[in-house]
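Chains as they are written, first to last, in the working numbering: chain A, 1 to 96; chain B, 97 to 700.
Please note: incorrect hints may appear among the correct ones.
[As the list claims (entries may be wrong)] Which residues of chain B face chain A? A few of them, derived with a C-beta cut under 7 Å, are:
#, residue
1, F562
2, M566
3, G601
4, M604
5, T648
Keep in mind the hints are simulated off the structure, nothing from the lab. As the structure is a prediction and not an experimental result, all values here were calculated from the model. Ideal Cβ positions, reconstructed from N, Cα and C, are used throughout, including at glycine.
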Amino acid sequence: MAAPPPRPSSAWVSAEHRALQVGIKVTGRLVDYFDGTEVILPTGASVAEALAAIGITADQVGLVAVNGESVARAQYGERLLGDGDSMTVLAPLTGG
Amino acid sequence: MSWQGKILKVDLTRGTIVQESLNQDWANDYIGERGLGSKYLWEHMDPTVNPMGPDNVLIFATGPLTGTSASTSGRYAVLTKGPLTGAIACSNSGGKFGAELKYAGYDLLLVQGKSEKPVYLLIEGDEASLQPADKIWGSSVWETEEWIKQSRNNPLLKIASIGIAGERGVRYAAIVNDLHRAAGRSGVGAVMGSKNLKAVAVRGSVGVKVKDAKRFMAAAASMKQTLAKSFGGMTKYGTNEMMDTMQEFGGLPTRNFQEVQFEGYDKIDARAMLKTDQMGHRNLVTNKACFGCTIACGRIAHIRKDHFTVINRKEYWHASGGLEYETAYAFGPVVGVDDLDACTFAGYLMNEHGMDPISFGVTLAAAMELYEMGVITKDDTDEVELKFGNAEALTIMAEKTGKQEGFGEILGLGSKLMCEKYGHPELSMTVKGQEFAGYDSRALQGMGLGYATGNRGACHLKHDTFDVDMEDQSGAGKAEPCKTSQDWAAAVDSSGLCVFTSGLGAEMFAALLDADSEGDWTAERLMVSGERIWNLERLFNLAAGLTGSDDTLPERLLKDPAPSGTAKGRVNELDRMLPEYYQLRGWSEDGRPTAQTLERLGLG
Chain A
1 MAAPPPRPSS
11 AWVSAEHRAL
21 QVGIKVTGRL
31 VDYFDGTEVI
41 LPTGASVAEA
51 LAAIGITADQ
61 VGLVAVNGES
71 VARAQYGERL
81 LGDGDSMTVL
91 APLTGG
Chain B
97 MSWQGKILKV
107 DLTRGTIVQE
117 SLNQDWANDY
127 IGERGLGSKY
137 LWEHMDPTVN
147 PMGPDNVLIF
157 ATGPLTGTSA
167 STSGRYAVLT
177 KGPLTGAIAC
187 SNSGGKFGAE
197 LKYAGYDLLL
207 VQGKSEKPVY
217 LLIEGDEASL
227 QPADKIWGSS
237 VWETEEWIKQ
247 SRNNPLLKIA
257 SIGIAGERGV
267 RYAAIVNDLH
277 RAAGRSGVGA
287 VMGSKNLKAV
297 AVRGSVGVKV
307 KDAKRFMAAA
317 ASMKQTLAKS
327 FGGMTKYGTN
337 EMMDTMQEFG
347 GLPTRNFQEV
357 QFEGYDKIDA
367 RAMLKTDQMG
377 HRNLVTNKAC
387 FGCTIACGRI
397 AHIRKDHFTV
407 INRKEYWHAS
417 GGLEYETAYA
427 FGPVVGVDDL
437 DACTFAGYLM
447 NEHGMDPISF
457 GVTLAAAMEL
467 YEMGVITKDD
477 TDEVELKFGN
487 AEALTIMAEK
497 TGKQEGFGEI
507 LGLGSKLMCE
517 KYGHPELSMT
527 VKGQEFAGYD
537 SRALQGMGLG
547 YATGNRGACH
557 LKHDTFDVDM
567 EDQSGAGKAE
577 PCKTSQDWAA
587 AVDSSGLCVF
597 TSGLGAEMFA
607 ALLDADSEGD
617 WTAERLMVSG
627 ERIWNLERLF
637 NLAAGLTGSD
647 DTLPERLLKD
657 PAPSGTAKGR
667 VNELDRMLPE
677 YYQLRGWSED
687 GRPTAQTLER
697 LGLG
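The shape of chain A in the complex, shown without the other chains (with noise of 0.2 Å):
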């Protein structure tokens, strides 16, 4: 029996948990908290809902993008990934 692809991948995954692959790129300070190229997320997954898969929280966060476009604090509940987004999550600036 041939073995199964390697994962990440949303190919071999269930219809009713299809997942989404999303690019994450991280800046600053914030490479304490997740250093990695991409996360696998549930359909449907917000913004929100792919900080909390790589550990951070909406407060230590100066700006996150999705596909170059900037996504409003009040937004990471509602704005809805897809697959094979690119999601930017920038540390706060401070000066210096």
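Got chain A sorted already, so can you dock chain B onto it with the hints?
Coordinates of chain B only, in the frame set by chain A:
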């Protein structure tokens, strides 16, 4: 009580040093450091004087919290009329010098006139004297520190000095203390050089006393706990942790602000500094704290010994001040260079010769654009190919400027005068003659308003709109946070603490100050004091000849849309923000404080 109650007045023309009582009424209204220094400046000089002439006044001012056990309490400010801008200059530094000046018993040092021969001011305990500096005139900052300590046989002296750049009038020359901390901006070092004052060396012994020690200790401990929770990232990565954030945001000024993202950012950012290469070399040696600081954002770095900058120069093999965000930006993206060791070396040269890295880097960026346009050629640049990305050109020009050799004399004029000289003033990325820090104001709109209205010219430290700028890339709603944060930054800058603590809020500062000093310090009083200070600085500038028309940005930022990033397609919306800002300030449409505003602030 944490004011010492004494100031020192030095007249270099007459060679006299006089101790006077602190004007406590002024301290009550202007707090200390930036505010109190501005008030003394206002009362002691004509704002129209030539900044490089003997009638300019140079002030070193501490704050009531300087030298106390509150975190970040090593701060002092230098006040003068800036030769880069013709405006009031207020340049703030950390390290240990500020606390030492306070421990010598002085709140403020006021220098007038011009010495006939090079001198340095020595303060040891109760004794203050002017000492000959002939032997160190022409020396670097580093040589000067070593020579004074050795000649006085006192390694505990804390020294603020100028290098060759300050002696020879580089318009953005800095005053460097403790080898690699600097009152860096606006050319305060050039004013010091114009007075033939090479250094101030201090050793104090009287300490400071706070009004209510028990209450003060409790407030200071609470402050340290809050800082420890919120500033861990800056301790580990330094301020250069912002490089990749600015890159992703699209606010990283690149190649003289022609672009807002730099492809080589990850070769010079905080993580690159932490990376160990195949030969086992890591750029960052350790972090470093200023006096009493629990953040410790300073960087100590070293350069690979086989790097072209130092391969035959063992004197640079030691560890020294490393890249912070602004230096990384000024030697990196804005000149298109991605060579970490070259950028580090350029930083060494800034400290060694006493120059502001931001102004140098942005001036060099304009020169590189002029070169690529063909306006200047190798005939002008001492045969150096001044193209964006040329790391060797960066380090050669840093050294030439520091020593005022060849094309370095032109670069020493600053971006504005240099671009005017070559007939392209539009290439100068400045406000009031001072170069921009590492934030593009097409992406950060409130930052643009803060730059445009900055009393010392373009500056990123005199207001804080980072949060609102990240949340919304339009100009809407930016005037109020810009104005309020300017007032608050003026209060923090006057306290004796680092501006990095400003986020702790007015209540915490009021608790500290009220336990520290006489008077009923409240958050409200601090905010009013900050507003008073901001308006006094504005009055100085108006008296010096500046007008509302100086509150502007280069056309590149107002007309050329950001080519990429989250603000792609945007220009800065200054025309929308500025009228609202003037109104909030209680200023006329042409930017002058109204009689009612002056009356309300006690400036009438």
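Which of the numbered hints above does this structure break? 3, 4, 5
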